[in-house]
Structures are given as C-alpha cells and as structure tokens.
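**Student:** Given next are the chains, with one letter for each unit.
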Amino acid sequence: MNQEMPVPKTVSPAALAAFLAAVVLSLACTHEATVKAAVKADKDRKAAPNFTLADVNGQKVQLSDYKGKVVLLDFWATWCGPCKVEIPWFMEFEQTYKNKGFAVLGVSMDDDGWTVVKPYLQQLKVNYRIVLGNDKVGELYGGVDSLPTTFLIDRQGKIAATHVGLAGGKDDFKNEIVNLLGPAEAPHAGLLPPSRGALAFFTRAN
Amino acid sequence: MTIKRGGTAELKLKAALQPGFHVNSNSPNDEFLIPLKLTWAKEPIEAEQVVFPKPQLEKYDFSQNPVSVFSGNFEIVTRFKAPVSARPGLVVMTGKLRYQACNNKECLQPRNLDLRFTADIQ
Chain F
150 MNQEMPVPKT
160 VSPAALAAFL
170 AAVVLSLACT
180 HEATVKAAVK
190 ADKDRKAAPN
200 FTLADVNGQK
210 VQLSDYKGKV
220 VLLDFWATWC
230 GPCKVEIPWF
240 MEFEQTYKNK
250 GFAVLGVSMD
260 DDGWTVVKPY
270 LQQLKVNYRI
280 VLGNDKVGEL
290 YGGVDSLPTT
300 FLIDRQGKIA
310 ATHVGLAGGK
320 DDFKNEIVNL
330 LGPAEAPHAG
340 LLPPSRGALA
350 FFTRAN
Chain E
1249 MTIKRGGTAE
1259 LKLKAALQPG
1269 FHVNSNSPND
1279 EFLIPLKLTW
1289 AKEPIEAEQV
1299 VFPKPQLEKY
1309 DFSQNPVSVF
1319 SGNFEIVTRF
1329 KAPVSARPGL
1339 VVMTGKLRYQ
1349 ACNNKECLQP
1359 RNLDLRFTAD
1369 IQ
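As they're listed, the protein sequences go chains F and E. Residue numbers for the first sequence follow the working numbering, so the first one is 150 and each next one is one higher. Residue numbers for the second sequence follow the working numbering, so the first one is 1249 and each next one is one higher.
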C-alpha cells in the first residue's frame, strides 16, 4: 500500500497551523524589531531588569554586579549562526574596553546547558563571562524569542540600545559603546576642545 | 490513513515556511546546529522509515560555508507498518516534529510540534 495523505487529513490541522503560526508570528515580530539601533536619549531609557544566573563555574552572577559599568548583554545560543558572527566582535570589545568601565555578559539560551555551551566556548575561545539563561530571564527582557538579541546597558543600569538579529556591522555596536563610555572614549580622546584647551592653559598659567 | 495488518502505508507531512526562513535539514553540516527531527510513537503502528527531501546548501550572511537547510514547501514521508497481530479498527498515532528556524539575520528558538493522526487498521 502506498498512498499519499494530504496533511489536513493526516496531521492535526491545529498542530500544522501552530507550526506555521510560529514562523509567521516570529516573522512579524522581527520585522518590527530589526532596525538599526541607536542609543536612546536618557529620558527614554528603562531600567534593565536584574537577574541572577550561574556561570560555567557555578558562580552566581547578577546583572547588578555590573552597576557603574557599560554592559553589552547578549542573548545567544550555540545553534544560532548569526550569534556566532557577533561573538568575535564582542570579544574584541571586551579586550579593548574592559579597563574603561565596560563588560560583555553573554546569556546562553541553550536548552541543553553547559554540555553544549562549554565546548562551544572553548572552540571560540570566548574571553567574556557567559551565564546560562532560562525562559524566566528571557521574559524579563521581552521574551527574547529571536537570537541574537543584544542590549547595551548604561552605567546607571538602564537599557540604552537594543539590537535584534545580526547587526549590520561591528561598528554599529562600537559607536554605541564609545558613546556610552563617555567623552574619554570618543574619537580623538585626549584632545581638549578649543575652549577647554584655553581654560586649561589659563589654569596652568595661574 | 488506511493500513492493512502486516502491510505498510505512507504518510506525507507537508511543511510550508514563510519566505526568507529556513529550518536546518535533518543532517546539518555543523555539530552545533539543531537538526529537523521527526519521531513517532512506537505503537500502535510502527514507523519503519522517515524520508526527508534532499537538503539545499545555502549561503547566508552569517555563514562562511553553505548551510544544509530546507526552505519553502517540502514534504517528509514516513512509511508505517501495521503488525500482523494488530486489531482492526481506528487507532491514534502521535509524533513530534522538532525544528529550529532562522532567516538571514536571526534565529528562532527551537520548537517541538506535537503531531497526531488517525489510522484505520484493516
């Protein structure tokens, strides 16, 4: 016997609808969200929800531990190809800005936990802290159904920028990080503007 | 589905993805990617073989190498066998489809889809 069974007769239509709806719904959401992020004005920033998660050594990590720093909070997973593109960028940012009040914190959304995450981190030689996430923490940040989703958090613990999906390039993040770190990290850092330069000269002369 | 005791019957599961989205194939070429997986309960009839279509090798913004995927409309065929000792009548078979979808820029959380159909054993 060899018969073709059209789906509506063989598979629960509700189940198939769910399959399609999941994709359709996500598509609709992401089209809204995938826009070039920019740092929000201070008055428009909302507090980044605090959470406590464990790192690979079992050590508890709270977002509030990072208060006073600019934090790049990256929700990612080992099965997420676009996430893999961004991770080297974040490693570079960690290296460049870690002594200037900046930190990257990666939240892995892998259901299989450290069994899959640990080898992945070793393979990529990830140099920043990773914690294992869960749906509860994802919900705090609006669901995080789509990966990568990255939040830039300012020194006051407020969300200054959100990126959903693979960013257009490394500079999208870099410009925002530099902006949030403050004038010392702006281009030409170390050169005082003319008016302040004059003031500095005057002060020294006295 | 109608199936004779001791005989076989095929079930075609038709999937349709939104444009721009893909799911990993049943044999992705990266150990960390989540494969498309179709599993069925062991009874009252037995899934002898699950046949996936030939995957497409596609290049995306996020991939240095082509990725083994399914996109658009595709079918997964399962061949079932009814035991000779099966009792005639209607039976319910259940299964699960696990999939993980991405587009060129982002990936969605893996999903488990419950499947259910009625077979008439004759």
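Keep in mind that the hints were calculated from the coordinates and are not lab data. Certain hints may be false.
Here are some chain E residues pointing at chain F (derived, C-beta under 7 Å) [to be verified]:
hint	residue
1	N1277
2	L1281
3	I1282
4	V1299
5	F1300
6	K1307
7	F1310
8	S1311
9	F1322
10	Q1348
11	E1354
Just so it is clear, CB atoms sit at the ideal spot from N, CA and C, and this is done for glycine as well.
**Student:** All hints are to be evaluated individually against the structure, with a verdict given for each.
**Tutor:** These are the hints, each one checked on the structure:
| no. | hint | in the structure |
| --- | --- | --- |
| 1 | N1277 | violated, 12 Å |
| 2 | L1281 | holds, 5 Å |
| 3 | I1282 | holds, 5 Å |
| 4 | V1299 | violated, 12 Å |
| 5 | F1300 | violated, 16 Å |
| 6 | K1307 | violated, 11 Å |
| 7 | F1310 | holds, 4 Å |
| 8 | S1311 | holds, 6 Å |
| 9 | F1322 | violated, 12 Å |
| 10 | Q1348 | holds, 6 Å |
| 11 | E1354 | holds, 4 Å |
Of the numbered hints stated above, those contradicted by the structure are hints 1, 4, 5, 6, 9, listed in ascending order.
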